[in-house]
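Protein chains in written order, with our numbering: chain E, 1 to 355; chain X, 1 to 355; chain H, 1 to 355; chain Z, 1 to 355.
Any given hint could be a false lead.
[What the hints assert, rightly or not] Ranges between beta-carbon positions, derived for each pair:
no.	chain 1	residue 1	chain 2	residue 2	range
1	H	Ala-52	Z	Glu-146	28 to 36 Å
2	H	Asp-156	Z	Glu-146	30 to 38 Å
3	X	Ala-7	H	Ala-152	55 to 63 Å
4	E	Arg-64	Z	Glu-95	47 to 55 Å
5	H	Glu-23	Z	Glu-318	45 to 53 Å
6	X	Pro-332	H	Asp-156	56 to 64 Å
7	H	Ala-16	X	Lys-312	42 to 50 Å
8	H	Asp-245	Z	Glu-303	56 to 64 Å
Note that these hints are calculated values from the structure, not bench results. Keep in mind that this is a model prediction, so the values were computed, not measured. Virtual Cβ for every residue (Gly too), placed ideally from N, Cα, C.
Number of protein chains: 4
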Amino acid sequence: MLVVMNAHATEEQVGAVCKRIEELGFRAHPIPGAQRTAIGITGNQGEVEPGAIEELPGVVEVIRVSKPYKLVSRDVKEDNTVVRFANGATIGSEELAVVAGPCAIENHKQAFAIAEHVAKSGVRFFRGGAYKPRTSPYSFQGLGEEGLKIMAEIRDQFGLLIVTEAVDNESLDQVEKYADVIQIGARNMQNFSLLKRAGRARKPVLLKRGMSATLEEFLMAAEYVMSEGNYNVVLCERGVRTFSDYTRNTLDLSVVPAVHRLSHLPILVDPSHGTGVRSKVTPLSRASVAVGADGLIVEVHNEPDRALSDGKQSLYLEQFDELMTQVRQIAPVVQRKVADRGLALTTRLNSASAR
Amino acid sequence: MLVVMNAHATEEQVGAVCKRIEELGFRAHPIPGAQRTAIGITGNQGEVEPGAIEELPGVVEVIRVSKPYKLVSRDVKEDNTVVRFANGATIGSEELAVVAGPCAIENHKQAFAIAEHVAKSGVRFFRGGAYKPRTSPYSFQGLGEEGLKIMAEIRDQFGLLIVTEAVDNESLDQVEKYADVIQIGARNMQNFSLLKRAGRARKPVLLKRGMSATLEEFLMAAEYVMSEGNYNVVLCERGVRTFSDYTRNTLDLSVVPAVHRLSHLPILVDPSHGTGVRSKVTPLSRASVAVGADGLIVEVHNEPDRALSDGKQSLYLEQFDELMTQVRQIAPVVQRKVADRGLALTTRLNSASAR
Amino acid sequence: MLVVMNAHATEEQVGAVCKRIEELGFRAHPIPGAQRTAIGITGNQGEVEPGAIEELPGVVEVIRVSKPYKLVSRDVKEDNTVVRFANGATIGSEELAVVAGPCAIENHKQAFAIAEHVAKSGVRFFRGGAYKPRTSPYSFQGLGEEGLKIMAEIRDQFGLLIVTEAVDNESLDQVEKYADVIQIGARNMQNFSLLKRAGRARKPVLLKRGMSATLEEFLMAAEYVMSEGNYNVVLCERGVRTFSDYTRNTLDLSVVPAVHRLSHLPILVDPSHGTGVRSKVTPLSRASVAVGADGLIVEVHNEPDRALSDGKQSLYLEQFDELMTQVRQIAPVVQRKVADRGLALTTRLNSASAR
Amino acid sequence: MLVVMNAHATEEQVGAVCKRIEELGFRAHPIPGAQRTAIGITGNQGEVEPGAIEELPGVVEVIRVSKPYKLVSRDVKEDNTVVRFANGATIGSEELAVVAGPCAIENHKQAFAIAEHVAKSGVRFFRGGAYKPRTSPYSFQGLGEEGLKIMAEIRDQFGLLIVTEAVDNESLDQVEKYADVIQIGARNMQNFSLLKRAGRARKPVLLKRGMSATLEEFLMAAEYVMSEGNYNVVLCERGVRTFSDYTRNTLDLSVVPAVHRLSHLPILVDPSHGTGVRSKVTPLSRASVAVGADGLIVEVHNEPDRALSDGKQSLYLEQFDELMTQVRQIAPVVQRKVADRGLALTTRLNSASAR
């Protein structure tokens, strides 16, 4: 259920509607938009009786939402979500957001060498794994908190924002403490316990698509995070599993315009995991920007051949510079292609106010 | 690495080898077989120097295992793993192990009605969800500990062994306390943190295959559990995600002989989730038993049309009886088809002792 | 559109309805059933005006068929199609139909050695490729007409019915001349030109499911054959392409009850191509019979290791005997499980006659 | 096998090597390169004895090709294949090749309206179906030769080159007569009989990737065409079948750099079939050009809502203009990204000449 407020509704009126919703035993999610506020209702098993709310001051209408997701939907929030950071960086705005760094933080020297290069290239986000979900229990599992501390130093020294993965509730506590963006990996996309914990965190969440997740499952995973109150969710396509065998996964770029049409959330693309092959990362990065992604997350290493994980798909530092040169030329052609985003479809809320 | 002991090796000799392995900084997993004991070595990043162990009394040979999994492999343990329970029930023996019950425990009355029927049919394991991983945050999430308590009562009253799912470390603590078998669901097959916790539990683990898991990933997930010391692992095929659209998933029955060839672990099949359609459950149950599965896990409900989850795929009680009648006729044809299990391939260990 | 005739309708009345349909510019397909005749109408782009036919003598009702397939549907023909051969063999009856033989006819001696063994085992259909669709233009492409002649000799000598593949219109002319069943391979399942030609042949057609065909596409391919007037179509599941990598294809056994529910056509399973691995053929054959397939098509070779194609998946002659022993024990458990076939759903036509 | 000739080898020497190859019972394919000629040998079941050829004048070396494809490989031909047309248009050069037009030719007026618009936009290739492979036998199957005649008029009037599909040997005869490029559709990618016929045609072939074709199968299909002597093959990615359900197929753009690395053949992308949804065609067209495709094939219609087939995915005329504007801005960023094409890997042939 979604309550649409009048464009001139006061804060008190919004507050009164929220209070009424909570009295009915549900949860209210006020979502301010450019022109009006909408209030999502969650926690209801079945129908909410609209009469209980429709008559309150400032309410334009109460809409039944037929899709299984609510808070992630453009029906609820027409404007694009822009995630904003203290240093002025954004994800979801006109600026192309690029996240770069090694698969895993291996040691202080490696991490700093890569971070320095990445910072010079003008990128504002640094990635690096401290807790690594590995297929084998006998593979390098990451440095843990020590890795987080190295990344915190990198933020201090280079002004880069830190993006790193949490793999369970314990590591999420640590990641929330040290990092700027909490990454939930593809293998945990339906770890609902972890999603709920991320929903209670005070940092933005980067949610990667599961290896065989449909679009609806992907959006529902984001809904889990948002339903706990954390609205700063960034989606990320990283390839899906198919029969195709010359790349590690099949990068499904069509999901980008599909997400932009259905949801207000930004979406990045990870061509490193999406292909698993170094020589494919740059062409697919160009394609990701051209299709309209809000940014990229790319693995870069100063010595890929000695990397403790994912070396095969990590770019050399100079390759990364070349990638940035190319995508910066393509970005202006596609940025702000609002027509792709299907905003026209959601004019219902605006016209509703004209009554 | 795998240390093969002489058929006449004493317990002291086995103990001495284990001690040496631990002194070298690794972890020793003694695995008693029908004829001899093998000792798996895990925790080594690279090579272990065989010379350090090969000369110890009772050692026949030290084998490098090239596959990424070790403890799950038939190379390490030739005989089938049979999981045994206090009441005499088994999984992995000649007896067909059938687990039946509702998707979710909804209330005392529903659970008891189904359990009574299941017990009468001669089945020895009861399933029921207390913690439900649901695609939507707004769907019924299970009764939690209250559900576990209902199932504990069912065990007391009907003598059924309880199989139920844990979704995070907290719920695993509870499940370990109340249930007989800890289920790890498909969505958590690569939740490595949870797998490790299950590996430290004192109850057997039923591990479901992930929706797009390769056979190697599936076995590696079992390896995570075993590498922590819990060797009572039961695998479960429950359908994989493909383009095919008339069943919820595509039940991949070829995995059963493939698992039996590579691993000593038993494998069940879940035709309820594997098809998602009631009318397909009985034919695919017959096929699962015919292909050689060690058992079935089937959803049954006294009132499927009113089920809070998965009603569409739950059998009516009478349909379940008919299913049992059919699979009991097929089981004798295929039970003990050791030729399918490729035991002949692992005679190396036996012949080694003849030297 | 489907015209249902009265149970007592005369041949003249059926003929008059067909004539009227053709006058309207469409095509009439009279389909005699156990109780009544139904007449399918094809060739209509959009709606046929029912009034033009409904008033004719002997017509009970005119039904709009909403599914895209008509002639293959149980809505049109309630009773199972049984394909009958001169020597009394059948496909689709209670008898399990087994087709066995080598992938390709390599020479006279090889073919006869295998045929002799197959005939002794009580099997009634012999398969062998004369025209081989090979991935590489440089692989053995089959003996062509010479191979067909060898198979014709085998029919004469052993009384086996010959099943062999046609790959284009030219080879179909030859296959129709020499063989008893015309096979259309998976790669040609949507070669609509070839399907139409097969629809004009006077021999039954064995139609294999394409590697990534949905159930609807599979049934529509059969509809192509039937729409040209050949109603003796046998479907065959042979594995679909998925991410799964330990078998050549993923055998999708759920399709068997799904076909039986939607269509009156029989369906075989090919576990040889469906797995591509010899050690999996027997377990999956058991499963195929247990799931309710009308029969099997299996590759057998007297010297698999020297086979010119598909040796890896061909059974040794003794393995085939063991397979037959096992499936003959399972068949009686599942034969005639009419409940699986959903006949109850099509009682509409019967009850219609009661008016 | 591949025979590499000296850079200064004369035509007579090349001719003599070819003659020798044919005397040995094989087929010779001389392939002139920028610096030297290579001669592919096909038709050999097993090994060719290199000694028979290596000693001939002008031969540098005889290379065993381990990949199953030969003529399509960059090992055989280092330089990109550029398909050239009489009017100066090319596919595979620096020029972006765009093919546009309706799914099917419906009538003279529709075809001309679209062609006029396409010609004005500067596009040089016109597509339109005369023979349509349709899933249903009851759908519009195309105008046949009448459609070809309309397209021939379009060539005369607007100077557009005609690209249209052949579905069997008979229609290929017609298409070869009227059109400039013979299209082989996805469903016929492994119709080997048709591929061989196309290999004997005197017009270039546009070969679409099958719905579930691996890269190797795709290249082997091209090898079929080339092995018959037609070297003007253009590949086309049009989406593969996966579990993903919000687009008709999943466009697999990684195949573009993969093809460029392994093969000298050009590759187009078809975002219309690759997505099946109009709103996704322009974003994915941008991505296709950005990833490095040699061109696009796009469905455009003057009245998409009245189209007899594929209307849902056809662009309005104005949308096509906007698409062209965008891709023309992106093309210069990526054209000539030879580094992506892995030419460095094939310098072996050049360095060989230095000996």
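field: Which numbered hints fail
entry: 2, 6 and 8
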